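J.: Taken in sequence, the protein lines are chains S and H. Here my numbering is used: position 523 in the first sequence is 535, and no number is missing along the way. Here my numbering is used: position 68 in the second sequence is 166, and no number is missing along the way.
In short, the hints are calculated from the structure, not lab data. The model shown is predicted, which means the values in this text are computed figures rather than measured ones. Heads up, the beta-carbon is just placed ideally off N, CA and C, and yes, glycines get one too. Possibly wrong hints are sitting among the right ones.
To be verified - With a cut-off of at most 25 Å between alpha-carbon atoms, the simulated SDA-like pairs for lysine to any residue come out as follows:
{"#": "1", "chain 1": "S", "residue 1": "K532", "chain 2": "H", "residue 2": "A435"}
{"#": "2", "chain 1": "S", "residue 1": "K370", "chain 2": "H", "residue 2": "E456"}
{"#": "3", "chain 1": "S", "residue 1": "K363", "chain 2": "H", "residue 2": "K356"}
{"#": "4", "chain 1": "S", "residue 1": "K370", "chain 2": "H", "residue 2": "G478"}
{"#": "5", "chain 1": "S", "residue 1": "K370", "chain 2": "H", "residue 2": "N272"}
{"#": "6", "chain 1": "S", "residue 1": "K561", "chain 2": "S", "residue 2": "K363"}
{"#": "7", "chain 1": "H", "residue 1": "K356", "chain 2": "H", "residue 2": "V291"}
{"#": "8", "chain 1": "S", "residue 1": "K370", "chain 2": "H", "residue 2": "A435"}
{"#": "9", "chain 1": "S", "residue 1": "K370", "chain 2": "H", "residue 2": "L470"}
{"#": "10", "chain 1": "S", "residue 1": "K363", "chain 2": "H", "residue 2": "N272"}
{"#": "11", "chain 1": "H", "residue 1": "K356", "chain 2": "H", "residue 2": "A435"}
{"#": "12", "chain 1": "S", "residue 1": "K363", "chain 2": "H", "residue 2": "Y479"}
{"#": "13", "chain 1": "S", "residue 1": "K561", "chain 2": "S", "residue 2": "S125"}
{"#": "14", "chain 1": "S", "residue 1": "K370", "chain 2": "H", "residue 2": "V476"}
As the list claims (entries may be wrong) - Here chain S is said to cover these stretches of chain H; the calculated rule only asks that three of the stretch's residues, wherever they fall, bring their Cβ under 8 Å from a Cβ of chain S:
{"#": "15", "stretch": "436-449"}
{"#": "16", "stretch": "457-468"}
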Amino acid sequence: MATEHGTETGFETEQEYVETEDGTRRRLAFVDRFPEAARTARICLWIAFAAFGVGALFGLIQALHRTNTLRIIPSSDYYTILTGHGVLLALVFTTFGIAGLFHWANTRSLGVSPTSRRLTQGWLWTMSIGTLLAAGTIVGGLFDWIPASADVLYTFYAPLEAHPLFYIGAALLIVGSWGAGLDWFLQYREWRSHNPDARIPLQSFMVMTTMLMWYLSSAGVAIEVVFFLIPWSLGLISQVDPLLTRTLFWYFGHPVVYFWLLPAYVVWYTVLPKLAGGRLFSDPLARVTFVLFLLLSTPVGFHHQYTDPGIASGYKLVAMTNTFFLLLPSLLTLFTVVASMEHGARQQGAKGYLAWLKDLPWERPEFSGVALAGIMFAAGGFSGMINAGMNINYLIHNTIWVPGHFHLTVGTAYALTLMAIAYWLVPQLTGKRLQFRGMAAIQPFVWFVGMVLMSNAMHRGGLAGIPRRTAEPQYDQVTFDAVVGTVGEMRIQIAIGGTLLFVGAMMFLAVMAGTWALGKPNSQLRVNGSIPEPLSGAEESPRVLDNLKLWTAIAIALVLLAYGIPLYDMVADGILWPGSVPFPE
Amino acid sequence: MAPNRDRQPRPTRRRLLAAGGTVATGALLGATAPAAAQSSDFDGWFDDVDNYDGVVDRTGESEVTVEVGVDNGGQPYGFGPPAVRIDPGATVVWEWTGRGGSHNVVAEDGSFESELVGEAGHTFSHTFESEGTFKYVCIPHEALGMKGAIVVGGGGGGGVSEPDYDGWFDDVDNYEETVDERGNSEVTVEVGVDNGGQPYGFGPPAVRIDPGTTVVWEWTGRGGSHNVVAEDGSFESELVGEAGHTFSHTFENEGTYKYVCIPHEALGMKGAIVVGNISGGGGDGGDGGQETPAEGETGGGSLIPVPSDFVGWFALVIGGSLGVAVTTVLGAESYAAYRDHAASEQAYVGEQATEAVEQEPVEEIDGDYDPLGTAALVAGYFVLIVLLWVFMYFVEFIGGPTITG
Numbered sequence: 013m014a015t016e017h018g019t020e021t022g023f024e025t026e027q028e029y030v031e032t033e034d035g036t037r038r039r040l041a042f043v044d045r046f047p048e049a050a051r052t053a054r055i056c057l058w059i060a061f062a063a064f065g066v067g068a069l070f071g072l073i074q075a076l077h078r079t080n081t082l083r084i085i086p087s088s089d090y091y092t093i094l095t096g097h098g099v100l101l102a103l104v105f106t107t108f109g110i111a112g113l114f115h116w117a118n119t120r121s122l123g124v125s126p127t128s129r130r131l132t133q134g135w136l137w138t139m140s141i142g143t144l145l146a147a148g149t150i151v152g153g154l155f156d157w158i159p160a161s162a163d164v165l166y167t168f169y170a171p172l173e174a175h176p177l178f179y180i181g182a183a184l185l186i187v188g189s190w191g192a193g194l195d196w197f198l199q200y201r202e203w204r205s206h207n208p209d210a211r212i213p214l215q216s217f218m219v220m221t222t223m224l225m226w227y228l229s230s231a232g233v234a235i236e237v238v239f240f241l242i243p244w245s246l247g248l249i250s251q252v253d254p255l256l257t258r259t260l261f262w263y264f265g266h267p268v269v270y271f272w273l274l275p276a277y278v279v280w281y282t283v284l285p286k287l288a289g290g291r292l293f294s295d296p297l298a299r300v301t302f303v304l305f306l307l308l309s310t311p312v313g314f315h316h317q318y319t320d321p322g323i324a325s326g327y328k329l330v331a332m333t334n335t336f337f338l339l340l341p342s343l344l345t346l347f348t349v350v351a352s353m354e355h356g357a358r359q360q361g362a363k364g365y366l367a368w369l370k371d372l373p374w375e376r377p378e379f380s381g382v383a384l385a386g387i388m389f390a391a392g393g394f395s396g397m398i399n400a401g402m403n404i405n406y407l408i409h410n411t412i413w414v415p416g417h418f419h420l421t422v423g424t425a426y427a428l429t430l431m432a433i434a435y436w437l438v439p440q441l442t443g444k445r446l447q448f449r450g451m452a453a454i455q456p457f458v459w460f461v462g463m464v465l466m467s468n469a470m471h472r473g474g475l476a477g478i479p480r481r482t483a484e485p486q487y488d489q490v491t492f493d494a495v496v497g498t499v500g501e502m503r504i505q506i507a508i509g510g511t512l513l514f515v516g517a518m519m520f521l522a523v524m525a526g527t528w529a530l531g532k533p534n535s536q537l538r539v540n541g542s543i544p545e546p547l548s549g550a551e552e553s554p555r556v557l558d559n560l561k562l563w564t565a566i567a568i569a570l571v572l573l574a575y576g577i578p579l580y581d582m583v584a585d586g587i588l589w590p591g592s593v594p595f596p597e
Numbered sequence: 099m100a101p102n103r104d105r106q107p108r109p110t111r112r113r114l115l116a117a118g119g120t121v122a123t124g125a126l127l128g129a130t131a132p133a134a135a136q137s138s139d140f141d142g143w144f145d146d147v148d149n150y151d152g153v154v155d156r157t158g159e160s161e162v163t164v165e166v167g168v169d170n171g172g173q174p175y176g177f178g179p180p181a182v183r184i185d186p187g188a189t190v191v192w193e194w195t196g197r198g199g200s201h202n203v204v205a206e207d208g209s210f211e212s213e214l215v216g217e218a219g220h221t222f223s224h225t226f227e228s229e230g231t232f233k234y235v236c237i238p239h240e241a242l243g244m245k246g247a248i249v250v251g252g253g254g255g256g257g258v259s260e261p262d263y264d265g266w267f268d269d270v271d272n273y274e275e276t277v278d279e280r281g282n283s284e285v286t287v288e289v290g291v292d293n294g295g296q297p298y299g300f301g302p303p304a305v306r307i308d309p310g311t312t313v314v315w316e317w318t319g320r321g322g323s324h325n326v327v328a329e330d331g332s333f334e335s336e337l338v339g340e341a342g343h344t345f346s347h348t349f350e351n352e353g354t355y356k357y358v359c360i361p362h363e364a365l366g367m368k369g370a371i372v373v374g375n376i377s378g379g380g381g382d383g384g385d386g387g388q389e390t391p392a393e394g395e396t397g398g399g400s401l402i403p404v405p406s407d408f409v410g411w412f413a414l415v416i417g418g419s420l421g422v423a424v425t426t427v428l429g430a431e432s433y434a435a436y437r438d439h440a441a442s443e444q445a446y447v448g449e450q451a452t453e454a455v456e457q458e459p460v461e462e463i464d465g466d467y468d469p470l471g472t473a474a475l476v477a478g479y480f481v482l483i484v485l486l487w488v489f490m491y492f493v494e495f496i497g498g499p500t501i502t503g
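Work out the full structure, taking the sequences as your base and the hints as a guide.
T.: Listed below in structure tokens is the structure:
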């Protein structure tokens with residue numbers, strides 16, 4: 013199926029087209045070109061959406077509980093719900109959604125089916141079992157008759173201890189994702205054997221750079237879980253060093269946000285321009301962006317530990333500098349993606365300096381959702397700069413500002429992008445026409461309005477000093493002074509915003525369930541899956557960009573520079589020392 | 099039955115169950131021992147009231163005076179005395195001292211409310227007919243601890259039940275029930291006994307004594323250093339680990355005294371001394387005998403409301419019939435809509451799934467394209483970021499230090 017015609021999007025051959033009854037010549041949908049890959053991607057997305065539904069419900073419970081609007085759970089269960097919300101959404105919804113999206117993107121852009129069915133089944137089962145174990149132990153915290161719990165929040169800091177099955181489940185989920193990455197690299201190797209001189213197709217390039225970054229960074233959490241937390245929770249070792257395990261967590265914990273974000277970038281660079289009616293502005297800029305993320309994502313984790321004692325300020329300063337370098341690829345993306353949308357609008361005849369904005373196809377949810385996610389990310393980028401600044405981080409550290417920030421990034425840039433692109437992709441993966449399109453068309457706006465309300469109030473609440481991660485953020489001794497607005501008004505906005513977000517999530521799931529249940533296979537779809545050539549193609553970029561070995565080597569070197577000495581410092585006084593007994597015991 | 103739920107081994111869900119258990123206990127007590135079910139446990143109501151020193155017994159008097167605006171921790175924001183026990187039918191007269199500005203007397207349950215005045219000699223009175231505990235505050239000075247309570251009835255009788263510890267023992271594995279040591283003038287509590295497999299417990303954790311009894315805490319020497327610190331600050335031992343060390347305190351006033359070992363509080367090393375005939379259920383227990391549906395909702399004791407009278411059954415039958423009718427109609431409509439929809443979807447089904455035909459652009463723009471609008475938007479974003487940074491640095495810190503010092 014692969015041909016010598018090696019640019020990433022031009023993978024079209026005559027076999028892909030059929031003559032339909034009405035005489036038009038139509039391209040076969042992805043599901044009929046790559047049935048196996050489509051099935052794998054579907055399974056991944058269904059699991060992701062199921063986790064999303066449960067996680068969204070947990071989110072609603074928290075929003076109403078925290079704001080004292082409706083408290084249906086005892087406050088001691090809040091932390092179980094919070095852990096479930098974080099893990100189901102930021103680990104399961106993301107990882108499975110990304111696996112589904114990448115499986116499609118890599119297969120589509122290489123034009124090669126996955127090479128080993130056994131490998132595909134292996135990673136899919138590993139990830140699924142891991143999810144069941146981790147989610148099961150968390151939910152066990154809600155029921156007395158289940159002798160397991162994992163109320164350790166998303167970050168599972170030692171000495172907070174979960175049931176061993178939680179750590180084993182989390183480890184399996186990550187190991188499974190490594191298998192998925194291997195699947196995609198083997199696909200690439202197969203493609204390369206037929207195309208020895210061609211440039212790597214853009215989507216596959218993005219998938220592989222993201223996965224290389226993921227291998228490098230998730231090694232940290234794998235070491236933390238496998239070598240420290242699992243033996244510790246099984247009682248094989250009596251204590252672990254909280255600082256060392258936290259550091260290993262954040263070694264993974266910041267790059268993981270790019271693991272969530274880069275799939276959204278894949279969509280923004282490769283699909284959004286087409287949805288806007290145009291073409292990608294520049295393929296080389298897209299490649300540069302992904303290479304920069306591979307290099308810079310990992311040596312920055314200390315900026316989550318600005319208030320941690322035991323880490324010298326100098327290391328934190330290095331991490332801050334690296335973090336601010338990361339603004340560069342995101343700002344490149346801002347320019348390239350908006351320029352591509354403008355190109356689309358102008359190709360559809362839009363005029364004016366900014367008037368083209370209103371001529372974009374806002375009525376189509378696959379476009380409006382992705383574009384609104386991008387707008388939200390621009391706001392999230394600003395609050396991220398505050399988080400990263402070592403001095404002003406102290407102003408908002410561990411306040412509700414931080415969840416306000418990441419609900420814009422993973423909670424909208426990733427989540428809304430995945431939902432919106434599902435309106436376009438799921439029909440291609442199922443051969444079923446999208447159902448409830450009216451509901452789909454307003455869903456991104458419901459999400460957007462809900463997030464504007466909730467996130468702005470969370471940010472301002474953080475400036476007023478309201479803490480995060482607490483069931484009852486009210487204290488007799490403290491009055492929170494809002495800079496703008498009042499605390500009561502913020503609580504109302506958070507409650508209404510959280511409710512709208514839940515409604516938006518349910519609308520999305522209704523559309524997906526409706527498409528699954530009411531749509532008929534082998535239909536003539538409303539969407540078209542071909543992706544046009546970029547305005548400035550890969551041939552205009554230096555070939556060294558495709559040298560993934562080189563970039564991986566530099567990324568490892570940067571990690572060694574940023575983490576080598578600090579980790580040595582922590583390990584030098586005894587690898588489990590200073591330690592702490594587990595809690596709760 | 100219900101009280102056993104308090105001793106579930108795991109902390110989660112416990113609070114809900116405990117609430118259910120409490121109300122169920124209250125209901126039981128209300129039904130079986132109404133005379134004993136009187137509470138002087140104010141659930142932390144007097145935690146921030148410095149001049150609270152137990153309940154003053156004024157039973158046998160038909161009129162009792164409480165001063166409004168007496169000294170409370172150095173400030174004239176107190177009721178004197180804050181807690182009084184009276185007989186049912188007695189009248190309480192609040193008399194303003196004129197100190198501390200304007201005050202009022204407002205019942206927590208809304209059953210009485212005075213005007214807000216500051217004048218000395220002003221009075222307000224209320225007659226309490228029914229038994230129970232009536233908490234009240236001076237609204238302007240509530241945050242300063244100007245709170246009081248009137249306990250109507252009770253005070254006698256030997257029968258007591260487990261006090262309402264308000265979840266205090268939820269995470270204390272070695273708590274089973276309150277050990278009754280009344281009649282002894284000295285009672286010993288061990289410090290550092292087994293508590294769920296770890297030496298972080300008091301033995302026994304809960305003890306009931308008579309007023310005037312001395313409690314001696316004796317260290318076992320296990321579990322490292324411990325101390326004994328009252329939640330209300332009324333007693334506090336040194337922090338020691340040595341076996342045989344003792345600490346003692348004599349309890350003069352009725353009440354429930356909760357205490358902890360500060361280093362091991364999170365591990366459940368908590369205890370309580372109950373002085374006098376304090377029982378659980380308390381104020382709620384009085385009404386607890388009636389099996390009303392509302393009780394099931396508030397207490398979590400019964401999750402399925404079952405009607406208890408004709409009106410309830412009538413409403414259930416009529417409502418149920420209406421529900422069935424509406425469901426049937428909606429179901430039939432939905433099925434019809436589903437069939438129509440399926441038929442129209444069928445028109446698009448072919449041999450294989452195919453994509454839509456790609457739309458041609460209105461005008462092809464290839465090489466010669468300058469994204470000027472994008473440049474403007476990006477510039478606007480930078481301006482916005484600069485403004486927000488200015489806000490962060492200068493507006494947020496108004497009145498405080500700025501980056502220039």
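J.: Taking the hints in turn, state whether each one holds.
T.: Verification of the supplied hints:
1. S:K532 x H:A435: 16 Å, holds
2. S:K370 x H:E456: 22 Å, holds
3. S:K363 x H:K356: 75 Å, violated
4. S:K370 x H:G478: 17 Å, holds
5. S:K370 x H:N272: Violated, at about 68 Å.
6. S:K561 x S:K363: 45 Å, violated
7. H:K356 x H:V291: 18 Å, holds
8. S:K370 x H:A435: 35 Å, violated
9. S:K370 x H:L470: Holds - the C-alpha atoms of L470 of chain H and K370 of chain S are around 16 Å apart, at most 25 Å.
10. S:K363 x H:N272: Since the Cα atoms of K363 of chain S and N272 of chain H sit roughly 77 Å apart, the hinted pair is violated (cutoff 25 Å).
11. H:K356 x H:A435: This hinted pair is violated, its Cα atoms lying about 64 Å apart.
12. S:K363 x H:Y479: 22 Å, holds
13. S:K561 x S:S125: 24 Å, holds
14. S:K370 x H:V476: It holds: about 17 Å lies between the C-alpha atoms, which stays within 25 Å.
15. 436-449: Per the Cβ count (9), the hint holds.
16. 457-468: Per the Cβ count (9), the hint holds.
Checked against the numbered hints given earlier, this structure breaks hints 3, 5, 6, 8, 10 and 11; the rest are met.
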